[in-house]
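Residues per chain, in single letters:
Number of protein chains: 2
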Amino acid sequence: GLPASPGAAIGKAIFSADLAEELGQKGEKVILVRPETTPDDMHGIVPAQGVLTSRGGMTCHAAIVARGMGKPCVVGCEALQVDLDNRRAVVKGAKVGPEGEAGRAGVAGDKNAELLEPSTADMVINEGDIIAIDGATGRVFSGEVPLVEPTLGAEFRALLEWADRARSLGVRANADTPEDARKAREFGAEGIGLCRTEHMFMAPERVPIVQAMILAETPEERKQALDQLLPMQQGDFYGILKAMDGLPVTIRLLDPPLHEFLPKTEELAVEITQLRLTGGDREEIVRKEAILRRARALSEFNPMLGHRGCRLGITTPEIYAMQVRAILQATAQLIKEGCQPRPEIMIPVVMGAEELAILRELCLEVMQAVAAETGIKLDVPIGTMIELPRACLTADEVGKVADFFSFGTNDLTQTTYGFSRDDAEGKFIPQYIEKKILAHNPFAVLDRAGVGKLVKMAVELGRQANPKLKLGICGEHGGEPNSIEFCHLTGLDYVSCSPYRVPIARLAAAQAAIKHRK
Amino acid sequence: GLPASPGAAIGKAIFSADLAEELGQKGEKVILVRPETTPDDMHGIVPAQGVLTSRGGMTCHAAIVARGMGKPCVVGCEALQVDLDNRRAVVKGAKVGPEGEAGRAGVAGDKNAELLEPSTADMVINEGDIIAIDGATGRVFSGEVPLVEPTLGAEFRALLEWADRARSLGVRANADTPEDARKAREFGAEGIGLCRTEHMFMAPERVPIVQAMILAETPEERKQALDQLLPMQQGDFYGILKAMDGLPVTIRLLDPPLHEFLPKTEELAVEITQLRLTGGDREEIVRKEAILRRARALSEFNPMLGHRGCRLGITTPEIYAMQVRAILQATAQLIKEGCQPRPEIMIPVVMGAEELAILRELCLEVMQAVAAETGIKLDVPIGTMIELPRACLTADEVGKVADFFSFGTNDLTQTTYGFSRDDAEGKFIPQYIEKKILAHNPFAVLDRAGVGKLVKMAVELGRQANPKLKLGICGEHGGEPNSIEFCHLTGLDYVSCSPYRVPIARLAAAQAAIKHRK
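Going down the list, the sequences are from chains A and B.
Using the numbering used here, the letters of the first sequence correspond one by one to residues 771 to 1288.
Using the numbering used here, the letters of the second sequence correspond one by one to residues 771 to 1288.
Next comes chain A alone, as it looks inside the complex (with noise of 0.2 Å):
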């Protein structure tokens, strides 16, 4: 087939999008395989580890959506007939055989894996069957094959090295963790450009704690909530700073709306009605109409536009102030075992100057009182995501209050187009490149024309206003070549991406460097 979204993928090929779901919130992992997909298989594309088609090119609904999502995808592999009705794709004469070739994170093809080639005997593939997809090569193997990790050769090393005297661009990484910070290092990352720090909140062993805090109904409560994550955040957060010892790392405080923590509504509704209908246990019933009342206020129509990032932080100034305070004790804990810790403390969801500049005042009063408390000179500084067309607009505002933008371009994109990523991907841009209404997904290919030039108006805006003001991209574009031509033609002093794209980034930004030599 064609190789339509490039890393490899292994699981049971399931010939429906309801069955891929249902499998997929089991844990299991399968490949979904369809003629084609549309806007209707997405929840079964989703779960699925990756996605074959038998039909489509390079642009079609399938190949789309999995590029988006970062998902191995093969389209248009004509020699698979899938047969729906009997649930089972058919390779007319395939041949059986051992072969192997691996892109990134490809197949490595072993003796127990069949290439899928045209052969003379019939081959089948049921529902369920183990199969695999190299979405690099466009090959798809019978059964299951080990996947190989990607690694940095010694020839590509040393074109990267020289690729890093011709670049002005720094590269940092997107990490969460430890090992993803490890990895960035290894991979060449000057830095971490966006430390995300809800997937803390969401580790199993913390949810309930994170419940308590939201359901909390006193200060008091909350506090108590709030006292058990903080050694928990400052643990983390002294991981990342080791891991990255010396390197500066922006740490970006809680984005996502509190309701992002509580199970979905239509779930506790049904749940509900079950154990009334079935006589369930009365307590039990009495808690989660407590939670499903929580979870109704709390329901936004448009999380994605909605109580979240520095709204949360302006109205429960409690968790942010536990946050920051988590990084600096974890600071000052490093300095003292003698390493060079580089936070920066970035505030999400910025409209304006406003915002930031009571948060700023947040973020130093905790800087002073941890100072205090260990003995420790902390000087930590205190940045904006730069997400909402208003943040640019008035950017010479922000500019006064910030040491540094990073611009988070997905989220700036989702506002300047008013495309929902999670709907528009799935629901109509596919279709919208097939008319040639867009060159690009702009959430792959930074739009030029539009979000571009909002993020040149908040350049220019913002250096009048703070000539010091350090300036990023964030955003899945930072490890995109078009995308970091245009960062470097407009002047940003670094851009931050996926681990894995880091290599891709540094060669990227000696291209631009080199393209445009003055």
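Just to be clear, a hint being listed does not mean it is correct.
Treat identical chains as interchangeable: a pair holds within one or across any two.
[As the list claims (entries may be wrong)] For lysine to any residue, the following SDA-like pairs were computed, each having C-alpha atoms within a straight-line distance of at most 20 Å:
(1) Lys-1206 x Thr-1086
(2) Lys-1226 x Asn-1252
(3) Lys-1034 x Leu-1062
(4) Lys-1285 x Glu-931
(5) Lys-1147 x Glu-1107
(6) Lys-1206 x Ile-1084
(7) Lys-862 x Ala-891
(8) Lys-1034 x Gln-1044
(9) Lys-1223 x Asp-1166
(10) Lys-1226 x Asp-1166
(11) Lys-1240 x Glu-1230
(12) Lys-1058 x Gln-981
(13) Lys-1058 x Gln-1044
(14) Lys-1205 x Glu-1124
(15) Lys-1223 x Ala-1235
(16) Lys-1238 x Met-1227
(17) Lys-782 x Asp-855
(18) Lys-953 x Phe-926
Source of the hints: derived by calculation from the structure; they are not laboratory data.
We have chain A; now place chain B onto it with these hints.
Just chain B, lined up with the frame of chain A:
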């Protein structure tokens, strides 16, 4: 109390948001009475006729939320002791006596009503008792009082005529029905700036046809449903164009995402669970499951940024083609009858020129067809609603394929700020105003620093590309004096607002012209 949001309301005094919601869903008229409101009360404010609180000032939660919704509200009525435990409110030593005074759509006090004022005897309002509030004066009445419709007196009419001579901005109204159109004309509107078409799809007798159109599994099924809707839509447009004979009527094609016309997934899931556990009808379960599947597939994470507006027009062109045909057939019919219909077709949610170019082509094709069929010459302007930042940023391209721009500043405010209005006004805007992060609710008063900057950019780029471009505004800001001044200064041709705000807009437009006379 304080007159927090103008207009009069009558209903049962209800002391909890849950009960207000429950009764509201049954169609009962309620006034939510609370010591003060919080984001947790939103579900009770939405269905209430009005809100009354004993505490809070002009910028408290209830005041801001009610003003945002255009719902009458009295706050800080300190004579009222709200006793939530006993579900009643007490006015210590209230005197009893008739009194009457009415603002716009005000309360005409009469002998059946008692104005609550301190006196010698206590007065008790029990839950369920009828009360009335007048949000223009802050008065609260016990018992039924007749409401009066607002009228323009002769002196006010004279003043407005003087204003008309001074102003340069045109004033249109937003109206979806012939009745509203007539009301608007009576108040001096010079046209309809926004005629929404989705309400026409939501009439109870049409919902089954609209749902059949959405659930259609073949193009034929869909066409059958659209063929049923065509004469209905034609009738709608005939009525409005006739009421506005000789004046322009800007008709916006379907805007909301299709799932808004289906039942909520949570309700369906609970109904299905109930039917299953109680041995419900097999066929009904199957039918409901089919709707649930479709509703799930169509459901969106952020409907505001989802598959709506021109995105529907691009992916399901049959719907827009039907609407355009209905507009043009109604126009031809009226011309035959000797009228002067002046429709303008408006394409919503455009993010750039490409979408508009394709849909303009579709409109022109239908126009040619209807002209050929009816033998009537049709020359209907085709323009777009500018409501996304990217449409402003690329207005030099959009202007080339548009006859007019109408700024949809409600949605433009949502995307520029990254605020979902439905969520933000209830959850954090009140606190933002209290903390002076926002000077005003940006959905009430147009934000010149951010949204205004984008509007100006679009006006300049659009006019450069197309000097004949007509420019208007149809967000709620079109009826707010400070925002109208901005529109005057930015060189728009007209503002459009709710019919009841037309007189204010005429005055404000004159004031702006006089203040900034060159």
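Quick one: which hint numbers does this structure break? Sort them smallest to largest. Violated hints: none; all satisfied.
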